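Enquirer: Input sequences plus hints: build the corresponding full structure.
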Amino acid sequence: MKRKSLFLLTTLFSVCLLIFACRKDFSNYIHDRNDASEPVLESAKIWYAQHIETTINGGGRLSPFWKESWSVRSTSGKELLIVPSPENYIENETVSLRRFFVFQVSNSQIKEGNIFELLGLNYDVEGNLDLLIKNNDQSEIAGFNGGILQYDINYQYITGAAYEGGKKTDKELRILRGSPLSAARKSRNGNGLQVNYCPPPVPTNIGFPSYEAPEGCYFVWIQNVTYSGGCPFTITNTYLNTVCPPPPGSASATASGSGAGSGPAYGGTQVDCMGIANGTAFMAACGCIGGTTGIPNCSVTPCSEKLRITGINSQPNINGQNVSILAATVNSNPPKEWGADRKLTTPTSGVYKPEIVRQGTASNIFPSNFTWDAVNGYSIGISHGHPAGFAPSPADAVWAYGNLSNSQLVAAGAADIARYKGQVSVTTTTANGTYIITVKDWTALATLYTNYLANPSAKDQEYIDAGLAYKKAHPEASYETSSEYALASLYGSAVNIYKAPVNSSNYVPIGIDSSGHISVVPCP
Amino acid sequence: MKNLLFLLMSLFISLTALSQDRLAGADVINVASFTLPKEATRLKPGSIRMSGSVEKKVPEGCATATFKKMYIQLAAASGEADVDYLEKTQKGITSFTESLGVKRDYHFQTKAINNYRVLITHETTNNMVNTYTFYCVAGDRKSVLTGVIEYPKNGEVDAKSELDKLLASIKFK
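From first to last, the protein sequence lines are chains A and B. Position 509 of the first sequence, counting from 1, maps to 509 under the working numbering, and the rest follow consecutively. Position 22 of the second sequence, counting from 1, maps to 22 under the working numbering, and the rest follow consecutively.
Just so you know, the hints here were simulated from the structure itself, not pulled from any lab data. It cannot be assumed that every hint is accurate.
Said to hold, decoys possible - Listed next, the in silico DSBU-like pairs over lysine-lysine satisfying Cα-Cα at most 35 Å (straight line):
id, chain 1, residue 1, chain 2, residue 2
1, B, K44, A, K336
2, A, K440, B, K44
3, B, K44, B, K160
4, B, K103, A, K336
5, A, K336, A, K440
6, A, K67, A, K111
7, B, K160, A, K111
8, B, K91, A, K336
9, A, K440, B, K160
10, B, K56, A, K440
Claimed, not checked - Over 12 Å on every C-beta distance to chain B, these chain A residues come out as not near it, computed from the model:
id, residue
11, F13
12, E126
13, A142
14, T169
15, I318
16, A327
17, L344
18, F390
19, S393
20, I417
21, S482
Just so we're clear, the structure is a prediction, and the values are computed from it rather than from any experiment. Glycine residues also receive a C-beta, built at the ideal position from the N, C-alpha and C atoms.
Expert: What follows is the structure in structure tokens.
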């Protein structure tokens, strides 16, 4: 009898264990979903790292929950990777909202990525998730009342399609926060929804409290706009919630002490930028950090930045530029540095302007042409070749700091300076590999820059001495490796250093290990 | 026949290329025997302050000592050194130094001692310290040893004497 009971208990336990282990597979099976394949998921992570704008102030960056992702084919035949993101509490019971990252996949590569908000008005979004996702670009979704709002990967609003009775309307939906009264005033002043020569419509406010939001608090609402002849015709605002800061001394008040404020929140209680009620994450210059993000501060780790660097440098135009620079450099006679500027079309586009590969002025000088304007582009880096094959020099290491005094960048203001800081890099191509430097500590770099500027020759000698000393203590090392040591030992406190094999985009962080050797920084 | 010869030559060149830089750091004692002056003070990794000079870093994995205001350092690697290890070393020093336009006053000398070949560089500077550096390759190219003697400018005679004694005492195993 005892043996039978033990057998039954063991079987029951095993079945429970199996169900628990396979709960995601069962869930996907029930909902007719497919598990996201590893290559697609990796590709999405790289695409995300490549396109995420870490320096948007107050932008409300969301974190994807990669482990909970699945793939699905839309009604229109697109292969989609769906990755959930943090949700917010909604006070208005007639409204339901789910939020996802939606990546469009083609041959295991990511073509496009967006954030979708599925908004139900007297409609069960949760119960119809798959129906809404599969038909997100359809003009008819059976029984759907609400909207599908699209944002870019940085959570910047693109469009919001409204559905009524299952049919797409020509109305536009978006979620706003602040006060609908002030929004209406803005509209009349020409700063809001008003289009040229359009008479401002009087908004209809539904469900709002009879009072203005208390000082320091704000309302969150859905705005539904209809258009006629290209002008806003009606505006309907539907109240969702009131958000107030936490009482002084509470956990989230302390966490938000940076003054940057929290991310998007719809809850009646304080919701942090991860969507966690009373959470401790907060919006800093580099995005949502702290709390459950796992990111303690704005300094990016080499292992996390490696993905972003690999993503950017895998782009054919960027990789091709490096290949051209290297070829021109190693074939130059007498030896000269060749290179090109790295400029974006806008500070946040992530799209690079085509730049001509040009010759430097000496074997160790390639002058950059820094600009920060819409015509000439927004400089976020430089790529150049070292004919002798050595690692980036002291001048390369401090280059990023010198541009902070550029008059165009200074005039562009703090937000653009933050964008520059978040994206700037120096690429050095050599016959032994390609190096990329990014900044990890601007304060430390400021000191190094000042010291370099005071006596560049002394700093170059210091670099050479450090490299030669390494070679003398490590007979097995090449002089190229010794130059890497010189760079890492003298400038590693301020910059991250990455290296990839020649003509490859497989970058790895390098640094000095505990035994004093230059080596690859291990990444999980 | 020509094709076969071409293939064999390609194979030989490839294997030669593959054999480059197959060196790994090794304990000096396991690579060669040598004699330091009895009065020399052995050092541990860290930093020391030499008389009249700035703080000096003593690296890990090296045999280090001080003697008569001189700093002596030996390091080794084993594996397989290139046929032209010494020539490449000399070229590397010059190339690395000149890559940033830094001017250095080096004197190079190559010679054979005991069962090894050595490249000796003598660097004189405007500072208080001059340096002898030597790069030794065993006759079978299975190991290499580098040595440094840093000395005060007025200690040239003692430094040269110690360099000669040390080089004469080195025997690769």
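Enquirer: Compare the structure with each hint and give your call.
Expert: Hints and how they fare:
{"no.": "1", "hint": "B/K44 x A/K336", "result": "44 Å, violated"}
{"no.": "2", "hint": "A/K440 x B/K44", "result": "33 Å, holds"}
{"no.": "3", "hint": "B/K44 x B/K160", "result": "25 Å, holds"}
{"no.": "4", "hint": "B/K103 x A/K336", "result": "19 Å, holds"}
{"no.": "5", "hint": "A/K336 x A/K440", "result": "30 Å, holds"}
{"no.": "6", "hint": "A/K67 x A/K111", "result": "20 Å, holds"}
{"no.": "7", "hint": "B/K160 x A/K111", "result": "68 Å, violated"}
{"no.": "8", "hint": "B/K91 x A/K336", "result": "19 Å, holds"}
{"no.": "9", "hint": "A/K440 x B/K160", "result": "46 Å, violated"}
{"no.": "10", "hint": "B/K56 x A/K440", "result": "28 Å, holds"}
{"no.": "11", "hint": "F13", "result": "51 Å, holds"}
{"no.": "12", "hint": "E126", "result": "60 Å, holds"}
{"no.": "13", "hint": "A142", "result": "66 Å, holds"}
{"no.": "14", "hint": "T169", "result": "66 Å, holds"}
{"no.": "15", "hint": "I318", "result": "25 Å, holds"}
{"no.": "16", "hint": "A327", "result": "19 Å, holds"}
{"no.": "17", "hint": "L344", "result": "30 Å, holds"}
{"no.": "18", "hint": "F390", "result": "5 Å, violated"}
{"no.": "19", "hint": "S393", "result": "6 Å, violated"}
{"no.": "20", "hint": "I417", "result": "30 Å, holds"}
{"no.": "21", "hint": "S482", "result": "7 Å, violated"}
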